[in-house]
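Participant: Sequence:
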Amino acid sequence: MQEFVGRKWQPIIVYHLLEEGPMGFSALKDGVDEISSKMLSESLDDLEAAGLVDRTLLSDRPVRVEYALTDRGQSLEPLITEMINWGAEHDVASDTDGTEQDGETAIAVGGE
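Everything in the sequence shown is counted per the UniProt record's numbering, starting at 1 for the first residue and increasing by one.
Simulated from the structure, these hints should not be mistaken for laboratory data.
Hints are not guaranteed to be accurate.
[What the hints assert, rightly or not] Label-pair distances were calculated between CB atoms; the ranges are:
(1) P22 x E82: 20 to 28 Å
(2) L79 x D54: 17 to 25 Å
(3) L58 x S37: 15 to 23 Å
(4) Q74 x K29: 17 to 25 Å
Because the structure is a prediction, the values reported are computed rather than measured.
C-beta atoms are modelled at their ideal positions from N, C-alpha and C, and glycine is treated no differently.
Just need the whole structure built from these sequences, with the hints factored in.
Facilitator: Next comes the structure, spelled out in structure tokens:
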């Protein structure tokens, strides 16, 4: 569990899959601010290996895959919710200039 929580991108990816449901690679890449394709791919591989995400091949040509949370991944919803609540309570969703940031900031605060 520490490997999951201590990583910057994995909780954010799980957050997006909880919010949006199954997503393709490109949709995840577009939804997760500032993540590189390489880091997204590695993070998804790690989440799949941990049994948190399922990867489904939708077509061979062109290659299209979809990522969805497993039951085990879905069980992280209370943890993700608490991370967001903690971030809101401790005002980590505000940038240093006071502008509001999205929910990813609250999740990523411990993983940078």
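Participant: When the structure is checked against the list of hints, which entries are broken? Sort them ascending.
Facilitator: No hint contradicted; all consistent.
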